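Chemist: Chains as they are written, first to last, in our numbering: chain A, 1 to 449; chain B, 1 to 399.
The hints are simulated quantities; they were obtained by calculation from the structure and are not laboratory data.
Every value quoted in this text rests on a predicted model; they were computed, and no experiment measured them.
Built from N, CA and C at the ideal position, the CB exists for glycine as well.
Where hints are given, some of them may not hold.
Unchecked claim - Derived coverage of chain A by chain B (criterion: at least 3 residues anywhere in the stretch with Cβ under 8 Å from a Cβ of chain B; other residues may be distant): (1) 137 to 143; (2) 201 to 212.
What the hints assert, rightly or not - Listed next, the in silico BS3-like pairs over lysine-lysine satisfying Cα-Cα at most 27 Å (straight line): (3) B:Lys232 <-> A:Lys444; (4) A:Lys40 <-> A:Lys444; (5) A:Lys411 <-> A:Lys444; (6) A:Lys100 <-> A:Lys335; (7) A:Lys281 <-> A:Lys197; (8) A:Lys193 <-> A:Lys219; (9) A:Lys335 <-> A:Lys411; (10) A:Lys219 <-> A:Lys308; (11) B:Lys6 <-> A:Lys444; (12) B:Lys187 <-> A:Lys444; (13) A:Lys411 <-> A:Lys289; (14) A:Lys219 <-> A:Lys286; (15) B:Lys169 <-> A:Lys167; (16) A:Lys167 <-> B:Lys89; (17) A:Lys411 <-> A:Lys390; (18) B:Lys187 <-> A:Lys40; (19) A:Lys89 <-> A:Lys411; (20) A:Lys444 <-> A:Lys326.
Said to hold, decoys possible - Estimated spans, in silico, between C-beta atoms of each pair: (21) A:Val233 <-> B:Ala162: 32 to 42 Å; (22) B:Pro147 <-> A:Ala238: 15 to 25 Å; (23) A:Gly333 <-> B:Phe328: 26 to 36 Å; (24) A:Leu279 <-> B:His352: 35 to 45 Å; (25) B:His352 <-> A:Asp198: 49 to 59 Å; (26) A:Ile417 <-> B:His352: 33 to 43 Å; (27) A:Gly333 <-> B:Phe29: 35 to 45 Å; (28) B:Trp281 <-> A:Asn251: 31 to 41 Å; (29) B:Ile335 <-> A:Thr84: 30 to 40 Å; (30) A:Val233 <-> B:His352: 31 to 41 Å; (31) A:Gly337 <-> B:Met358: 31 to 41 Å; (32) B:Glu182 <-> A:Thr84: 40 to 50 Å; (33) B:Val143 <-> A:Thr84: 26 to 36 Å.
This is what each chain is made of:
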Amino acid sequence: MSKFEFTRRGLIKSGAAVGAGLAMPTILTRPAYSYTNEPKGGTVTLGFNVPQTGPYADEGNDELLAQKLAVEHLNGEGDGGCLTTFTSKALKGNGILGKKVTFVTGDTQTKSDAARASAKSMIEKDGAIMINGGSSSGVAVAVQGLCQEAGVIFMAGLTHANDTTGKDRKANGFRHFFNAYMSGAALAPVLAKEMGKDRRAYHLTADYNWGWTQEESIKASTEALGWETVNTVKTPLASTDFSSYIAPVINAGADVLVLNHYGGNMVNSLTNAIQFGLLDKAVNGKDFKIVVPLYSELMAAGAGDNIKGVLGSMNYNWQLDNEGSKTFVKSFGEKYGRPPSNSAQTCYAQVLLYADACERAGTFNPCGVVEALEGFEFDGLGNGPTTYRKEDHQCFKDVLVVRGAQNPTTKFDTLEIVEITPVANVTYPPNHPMFGGDEATLGKCNPGA
Amino acid sequence: MFGLDKRDTTLFLFVVAITLLAPFLLNPFPTESALAQFNAGYPDLMQRFVIFGIFAIGFNILFGLTGYLSFGHAAFLGVGSYAAVWMFKLLSFNIVPAIILSVLVAGVFSLAIGYICLRRSGIYFSILTLAFAQMSFAMAYSVLSNPNFNLTNGETGLQVYADDPQILKGDGPDFTHLFGLEMNTTKTLELGAWAFQFNAGFYVCAFFMIIAFYIAMRIFRSPFGLMLRAIKTNQTRLNYTGLNSRPYTLAAFVISGMYAGLAGGLLAVTDPLAGAERMQWTASGEVVLMTILGGAGTLLGPILGAAFIKYFENIFSKINDTVLHSWFSFMPESIDNFLVAILYPFVGKGWHLTLGLMFMLIVIFLPGGLVDGGQRLWNRITGKNRTQAEPVANPKPAE
Numbered sequence: 001m002s003k004f005e006f007t008r009r010g011l012i013k014s015g016a017a018v019g020a021g022l023a024m025p026t027i028l029t030r031p032a033y034s035y036t037n038e039p040k041g042g043t044v045t046l047g048f049n050v051p052q053t054g055p056y057a058d059e060g061n062d063e064l065l066a067q068k069l070a071v072e073h074l075n076g077e078g079d080g081g082c083l084t085t086f087t088s089k090a091l092k093g094n095g096i097l098g099k100k101v102t103f104v105t106g107d108t109q110t111k112s113d114a115a116r117a118s119a120k121s122m123i124e125k126d127g128a129i130m131i132n133g134g135s136s137s138g139v140a141v142a143v144q145g146l147c148q149e150a151g152v153i154f155m156a157g158l159t160h161a162n163d164t165t166g167k168d169r170k171a172n173g174f175r176h177f178f179n180a181y182m183s184g185a186a187l188a189p190v191l192a193k194e195m196g197k198d199r200r201a202y203h204l205t206a207d208y209n210w211g212w213t214q215e216e217s218i219k220a221s222t223e224a225l226g227w228e229t230v231n232t233v234k235t236p237l238a239s240t241d242f243s244s245y246i247a248p249v250i251n252a253g254a255d256v257l258v259l260n261h262y263g264g265n266m267v268n269s270l271t272n273a274i275q276f277g278l279l280d281k282a283v284n285g286k287d288f289k290i291v292v293p294l295y296s297e298l299m300a301a302g303a304g305d306n307i308k309g310v311l312g313s314m315n316y317n318w319q320l321d322n323e324g325s326k327t328f329v330k331s332f333g334e335k336y337g338r339p340p341s342n343s344a345q346t347c348y349a350q351v352l353l354y355a356d357a358c359e360r361a362g363t364f365n366p367c368g369v370v371e372a373l374e375g376f377e378f379d380g381l382g383n384g385p386t387t388y389r390k391e392d393h394q395c396f397k398d399v400l401v402v403r404g405a406q407n408p409t410t411k412f413d414t415l416e417i418v419e420i421t422p423v424a425n426v427t428y429p430p431n432h433p434m435f436g437g438d439e440a441t442l443g444k445c446n447p448g449a
Numbered sequence: 001m002f003g004l005d006k007r008d009t010t011l012f013l014f015v016v017a018i019t020l021l022a023p024f025l026l027n028p029f030p031t032e033s034a035l036a037q038f039n040a041g042y043p044d045l046m047q048r049f050v051i052f053g054i055f056a057i058g059f060n061i062l063f064g065l066t067g068y069l070s071f072g073h074a075a076f077l078g079v080g081s082y083a084a085v086w087m088f089k090l091l092s093f094n095i096v097p098a099i100i101l102s103v104l105v106a107g108v109f110s111l112a113i114g115y116i117c118l119r120r121s122g123i124y125f126s127i128l129t130l131a132f133a134q135m136s137f138a139m140a141y142s143v144l145s146n147p148n149f150n151l152t153n154g155e156t157g158l159q160v161y162a163d164d165p166q167i168l169k170g171d172g173p174d175f176t177h178l179f180g181l182e183m184n185t186t187k188t189l190e191l192g193a194w195a196f197q198f199n200a201g202f203y204v205c206a207f208f209m210i211i212a213f214y215i216a217m218r219i220f221r222s223p224f225g226l227m228l229r230a231i232k233t234n235q236t237r238l239n240y241t242g243l244n245s246r247p248y249t250l251a252a253f254v255i256s257g258m259y260a261g262l263a264g265g266l267l268a269v270t271d272p273l274a275g276a277e278r279m280q281w282t283a284s285g286e287v288v289l290m291t292i293l294g295g296a297g298t299l300l301g302p303i304l305g306a307a308f309i310k311y312f313e314n315i316f317s318k319i320n321d322t323v324l325h326s327w328f329s330f331m332p333e334s335i336d337n338f339l340v341a342i343l344y345p346f347v348g349k350g351w352h353l354t355l356g357l358m359f360m361l362i363v364i365f366l367p368g369g370l371v372d373g374g375q376r377l378w379n380r381i382t383g384k385n386r387t388q389a390e391p392v393a394n395p396k397p398a399e
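Let's have the full structure, built from the sequences with the hints guiding it.
Modeler: See the structure below:
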């Protein structure tokens, strides 16, 4: 074994060098900001953190397109989009508070770690004052926590689990997208109307946080109708073949299959179910039905013909017939040559809502923005009248129940709107047990430095 | 000095110097310039450089010395993170107990896995470790995060909530801290057009990396290290001499597992959230890439490799088409569009592609990794055929 040779001189010398190195950072500082990343120049930087690789890359890229469009509109380029229909008229098309809007992008890879690393680099390096985006609830919750610590605003993108504005709610975080509870509440009456009140449901659930909250929500609302839940089976997230999970469904005496799956999972499980001929079967004297509580255009495209007649819910659909929606679809369609998906719409709306809140607050200070957004009522962004609830920073608006169209005319209208469930039917108290109960609190807004 | 010979002392002091001066070295471009895009001197990335440096140094003790290629080291990283976050949840945000526990838990975990996996060598060993790591991932992702027994919080990632016990916290800080010094404290030094950021979390991680590097150096130079090299060279012959090599490989496995645990703990220290994807096979593969890219079996290589990969992941992935257009905007629009169209697939979401190409080039032309490249360059400059600074026993491609 080689031996340590401590000499007094050597030790003092190296000790002094190390000490000097460690002490250096404490010598010099710079004048403090009044809040994290206060914009000092003529521009303000927003951070768009979306999955560009991984299972939700399609959604992420659609979000990015919408975010770029929103920045254009804020800076007064393009046709102005929803700035013309938005009920709040604070935005002038001259950036935010007179500062030109610039943005940085990052790749979340649909992983909490990567998403936080990317968001951190936006905050620490690029001086982003707001983070927007995300296509998965795990990522949204993780990045929301980070933004709370760092003192910037988080405007969530596509995140559907109850936890985002439930037990994991944060003062600096806001969600425009709807959630699993709302899906359940909106779907239940339609299910009762179409399938009757005497059904036996079988759940296949993606085995992670979002799957569970959705299963819980759907189960609660369908059991309230009088349905019976025969069985709930968790499927590993990485599964690509669901045949072995589909086979026992009929034997269990179920007559409805609920697929709490999203993205590629849903495409595969639905395809398997159709291949097994479930929809052609009659059980308990009733036609077999399949329900996919959370739909998206991109999933519908992936599943092709299999979604015909299958019911589900959505936050937004481009076929919605209101002024804001038509303006947005026109603007998006002219630029990118196709209608926007519901994840694109939520990100677009979030960017505009943030900008508007800054204008109304007269500052970029997160605490001012939080105050301006809390309890804010607006219309003209595509979803109809909407409120940002003060207690949990969740948007309340109508929820769409959709069905796979029997005879789509183009590849864009594969889904048809069955019903627009009014906001009153999907509202719940902020201390609802599925949302963390009384213990869940937003905490205090954090302006950072 | 420090029980090292002259050349090792120089190398060690070199590593200490570049680590401590990283905030300067990684920020060569003025903040407002277009090239600032390539600056890496912000706290989060610097922390990642040193943390993954520790991870790769540890991995290199196993792979570089014994030649056992583990494809499951991310499991130890993840276990270390979970252990650290649990310490934050139960005790307080002080990082000392968290780091100690993360190293210990990873050590015990790697002892258990190593005891089983080391019964085989070569490809069988790799597959066994991969299997264990994927099992750990699946456990963390769903099995151990069910509402009745929530150890890992699944997809969302384990994090600290306001209603956690934190029995020792009292009035202490609300962020990870070392006896009051919060890890997200950053001082900024503005010198002309430059802004240099000094972050407490980075210096804590840097301190551990220097220790880790020193220990690795001592292991490399010790009789134990020599025994590990013997295993790599010809394990069968070693066994025929009547020597049981398994305790040595197991020791190396546990040591490198503890390094991974330390890295995992530090990840939680700089950002108190532990996600299950930290244990996924891609993360295990990443550390293999880091080690090979930098130079397996060399002391400095793994650190360079870790920095190289993390740099690509964080800097290249953020160059989008808008940034590209701003670079070439001085040219006529058609040329601008043309150049952007050519470059775009290699940056932004295409950073994997660039990394893959670099990896291929390095493995083909520089079998000894970046360290090999540095040596060749040095020989070219000095014009002499210097003996290699590192005893890289005949550098050869990854096995």
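Chemist: Please go over all the hints and tell whether each is borne out by the structure.
Modeler: Do the hints match the structure? See the list:
{"no.": "1", "hint": "137 to 143", "result": "holds (count 4)"}
{"no.": "2", "hint": "201 to 212", "result": "holds (count 5)"}
{"no.": "3", "hint": "B:Lys232 <-> A:Lys444", "result": "violated (57 Å)"}
{"no.": "4", "hint": "A:Lys40 <-> A:Lys444", "result": "holds (25 Å)"}
{"no.": "5", "hint": "A:Lys411 <-> A:Lys444", "result": "violated (46 Å)"}
{"no.": "6", "hint": "A:Lys100 <-> A:Lys335", "result": "holds (21 Å)"}
{"no.": "7", "hint": "A:Lys281 <-> A:Lys197", "result": "holds (19 Å)"}
{"no.": "8", "hint": "A:Lys193 <-> A:Lys219", "result": "holds (17 Å)"}
{"no.": "9", "hint": "A:Lys335 <-> A:Lys411", "result": "holds (18 Å)"}
{"no.": "10", "hint": "A:Lys219 <-> A:Lys308", "result": "holds (23 Å)"}
{"no.": "11", "hint": "B:Lys6 <-> A:Lys444", "result": "violated (56 Å)"}
{"no.": "12", "hint": "B:Lys187 <-> A:Lys444", "result": "holds (25 Å)"}
{"no.": "13", "hint": "A:Lys411 <-> A:Lys289", "result": "holds (24 Å)"}
{"no.": "14", "hint": "A:Lys219 <-> A:Lys286", "result": "holds (20 Å)"}
{"no.": "15", "hint": "B:Lys169 <-> A:Lys167", "result": "holds (22 Å)"}
{"no.": "16", "hint": "A:Lys167 <-> B:Lys89", "result": "holds (16 Å)"}
{"no.": "17", "hint": "A:Lys411 <-> A:Lys390", "result": "violated (39 Å)"}
{"no.": "18", "hint": "B:Lys187 <-> A:Lys40", "result": "holds (18 Å)"}
{"no.": "19", "hint": "A:Lys89 <-> A:Lys411", "result": "violated (36 Å)"}
{"no.": "20", "hint": "A:Lys444 <-> A:Lys326", "result": "violated (38 Å)"}
{"no.": "21", "hint": "A:Val233 <-> B:Ala162: 32 to 42 Å", "result": "holds (34 Å)"}
{"no.": "22", "hint": "B:Pro147 <-> A:Ala238: 15 to 25 Å", "result": "holds (21 Å)"}
{"no.": "23", "hint": "A:Gly333 <-> B:Phe328: 26 to 36 Å", "result": "holds (29 Å)"}
{"no.": "24", "hint": "A:Leu279 <-> B:His352: 35 to 45 Å", "result": "holds (40 Å)"}
{"no.": "25", "hint": "B:His352 <-> A:Asp198: 49 to 59 Å", "result": "holds (52 Å)"}
{"no.": "26", "hint": "A:Ile417 <-> B:His352: 33 to 43 Å", "result": "holds (39 Å)"}
{"no.": "27", "hint": "A:Gly333 <-> B:Phe29: 35 to 45 Å", "result": "holds (40 Å)"}
{"no.": "28", "hint": "B:Trp281 <-> A:Asn251: 31 to 41 Å", "result": "holds (35 Å)"}
{"no.": "29", "hint": "B:Ile335 <-> A:Thr84: 30 to 40 Å", "result": "holds (36 Å)"}
{"no.": "30", "hint": "A:Val233 <-> B:His352: 31 to 41 Å", "result": "holds (35 Å)"}
{"no.": "31", "hint": "A:Gly337 <-> B:Met358: 31 to 41 Å", "result": "holds (35 Å)"}
{"no.": "32", "hint": "B:Glu182 <-> A:Thr84: 40 to 50 Å", "result": "holds (46 Å)"}
{"no.": "33", "hint": "B:Val143 <-> A:Thr84: 26 to 36 Å", "result": "violated (52 Å)"}
In terms of the numbered hints stated before, the structure departs from hints 3, 5, 11, 17, 19, 20 and 33, listed from lowest to highest.
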